[in-house]
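Whole structure, please, built from the sequences with the hints as guidance.
If you read the sequence shown in my numbering, its first letter stands for residue 2, the second for the next number, and so on.
Quick caveat, the hints were computed from the structure, so don't treat them as lab data. Some hints could be false.
Calculated lysine-lysine pairs in the DSSO-like style (CA-CA distance at most 30 Å, straight line) [said to hold, decoys possible]: (1) Lys371 <-> Lys401; (2) Lys486 <-> Lys500; (3) Lys520 <-> Lys540; (4) Lys227 <-> Lys382; (5) Lys231 <-> Lys174; (6) Lys107 <-> Lys462; (7) Lys487 <-> Lys520; (8) Lys520 <-> Lys107; (9) Lys540 <-> Lys107; (10) Lys258 <-> Lys222; (11) Lys163 <-> Lys302; (12) Lys422 <-> Lys520; (13) Lys255 <-> Lys231; (14) Lys163 <-> Lys243; (15) Lys516 <-> Lys489; (16) Lys371 <-> Lys421; (17) Lys222 <-> Lys243.
Here are the simulated distance ranges between beta carbons [claimed, not checked]: (18) Ser547 <-> Glu318: 20 to 26 Å; (19) Lys379 <-> Phe177: 38 to 44 Å; (20) Gly269 <-> Asn59: 31 to 37 Å; (21) Ile505 <-> Gly337: 50 to 56 Å; (22) Lys78 <-> Arg304: 21 to 27 Å; (23) Lys101 <-> Phe177: 31 to 37 Å; (24) Asn281 <-> Gly203: 24 to 30 Å; (25) Gln178 <-> Arg304: 38 to 44 Å; (26) Lys382 <-> Gln323: 21 to 27 Å; (27) Lys254 <-> Gly203: 32 to 38 Å.
Using N, Cα and C, we set each Cβ at its ideal position, and we do this for glycine too.
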Amino acid sequence: MKKQNLILAPALALILSLTSFDLKKDRPDPPKKGTPVFSNVVYEGNDAVYTNNPLEANEFYNPILQGCYPDPAITRKGDDYYLVVSSFAMFPGVPIFHSKDLVNWKQIGHVLDRVSQLDVHDTGISQGVYAPGITYNENNDTFYMITTAFAGGLGNIVVKTKDPMQGWSDPIKLDFQGIDPSLFFDDDGKAYVVHNDAPNAGEELYQGHRVIKVWEYDVEKDQIIKGTDKIIVNGGVDLADKPIWIEAPHLYKKDGKYYLMCAEGGTGGWHSEVIFMSDNPKGPFVPAPSNPILTQRYFPKDRENNVDWAGHADIIEGPNGQWYGVFLAIRPNTAGQVNSGRETFILPVDWSGTYPVFENGLVPIEPTLKLPEGVENKTGKDGYFPNGNFTFEEDFSGDKLDYRWIGLRGPREAFIKQTKKGLEIEPFEAEITELKPTSTLFHRQMHKTFSFKTDLTYKPKSDEDFAGITALQNERFNYAFGVTKKGKDYYVVLQRTEKGESTIIASEKIDLDGKLSLKVEGDNADYTFSYATDGANYKILGGTVSGDILSTNVAGGFTGALVGLYATSGNSIEPLE
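Here it is as structure tokens:
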């Protein structure tokens, strides 16, 4: 029978009060006896698409952000470009990246990095923060990030800053319904919010029928102006075709005309991007005759280097006057499953005619792109985010964690501390199968073929103690692999959880001197979990298992698979007899 698991009051109090944190300065104490310490992590990606398509000197790889970095939005101030993506129930929320050239990106932090900004402690992983929009307002030299937070009673919110490098304000709650809001600041000083919403009461015609609304926005009060709302798109490009899920709208102005770009077709196999034009930001908007301007829905699913689900885009004028668009898409594995999630891609945009069109966005997307003129590819070097095949090594010796490390439903700092021996994880009682903050430090799965390994120093005191690694799609679909105790013996155990039901796949009694090496390897749909007591000779436990439960095909939702370091003091995983 599963034990009753509760988060300890001190841990919860820390989650609710924490604002910022320096690992070495604030938590210098040595590890408590019996607390798991992870001395290192090595993540290695080795996808065939990169091996088979080595870069030429004038190329870079697409996607620009591999793994679960969906729903991109972009803005610029001068030569500085800022990009944000969705984060759902991950904490901190809304990763933000900076670039000077749209090729080389550095993560500069997260927009919602304080509990005063984001409360997702009881939120399913695919809830939380959806589809952020980021916009620079030249009229008051201020950046705005607007989003929908399906947690903490927030709804639609906006935060502001003069400098994205220096952090963001607490949220301002906005008084409208719907999702996917985006701000537009006109050159006459007026401002507008556009967003997805339901049709007016009694006017819904079919499942997936949505509308795009526009509101006037009061910049001084940071609030929509009541009574100014207007439906500017009903259903999509052509209501007679019953288009579904018109969403993710963005307004632009070029040559005196207003353009409204939206996703259409749902974030799946029929996803696309469409464009409308008007003489007024409140319409009427006329769809382009050439819609969609971006999609991958018409091509065979078994094509080489398959990229699919393209849409949910935002466009920006880049260096030398060349326009570019960022958008989400997926790269299914050989079984057609989506484990690495929705990723951020980029393409040039041709706006030489009346309407913008994504260059090569209506043919199968290739894994490489030509560099903009005068740009050098520095990805993976000098702090720039890597792409392609790469190895990421972490020994936790820095003053602060790399931004790619994330918690789930609460701050990482509520359960971690830096020591000379590595990263100590103070276990919560919650398990990864529960809808609570977990003491789990996650890294996104960024490749179809990858390995994630760690060295752990730990001796569980009882059968309620467990530490190791996890591969997780959500709280109801995941693997847990690690060490626990039964009686006087120590066991390595592999558990599979599907639809919330947990099954022990395999367990093995081991002689444990306190040091254990753990590894998960993925090869498209096949995963293995292995361990070593000597740090070198790994033994697979449970054979090859299916990664199907780590895909959105099986688990549903909007996130990609995560792999991470995990500990709990409320363990219910029992070794097999």
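Quiz item: Taking the CB of Ser547 and the CB of Glu318, does the distance hold inside 20 to 26 Å?
Solution: Violated, since Ser547 and Glu318 (Cβ atoms, about 45 Å apart) do not stay within the stated range.
Hinted pair Lys258 and Lys222, Cα distance within 30 Å:
Answer holds: Lys258 to Lys222 is near 27 Å, not above 30 Å.
At the C-beta level, are Gln178 and Arg304 separated by a distance inside 38 to 44 Å?
holds (40 Å)
Are the Cα atoms of Lys520 and Lys540 separated by 30 Å or less?
-> Roughly 10 Å separates the two Cα atoms, so the pair holds.
Given pair status - Lys107, Lys540, alpha carbons within 30 Å: violated (37 Å)
Falls inside 31 to 37 Å, the C-beta gap from Lys101 to Phe177?
Holds, since Lys101 and Phe177 (Cβ atoms, about 35 Å apart) stay within the stated range.
Restraint status (C-alpha distance of Lys222 to Lys243 at most 30 Å):
violated (38 Å)
Given the hinted pair Lys231 and Lys174, is their alpha-carbon gap at most 30 Å? Holds, at about 20 Å.
Check whether the Cα positions of Lys371 and Lys401 lie no farther apart than 30 Å. violated (35 Å)
| said: Just to be sure I understand the hint, the distance between the Cβ atoms of Asn281 and Gly203 should be within 24 to 30 Å; is that true here? | reply: At roughly 28 Å between Cβ atoms, Gly203 and Asn281 fall inside 24 to 30 Å, so the hint holds.
Item to check | Range hint 21 to 27 Å (beta carbons of Lys78 and Arg304) holds or violated | outcome: violated (39 Å)
query: Is the gap between the beta carbons of Ile505 and Gly337 within 50 to 56 Å?
result: violated (28 Å)
Hint check: violations occur at hints 1, 4, 6, 9, 11, 14, 16, 17, 18, 21, 22; the rest are consistent with the structure.
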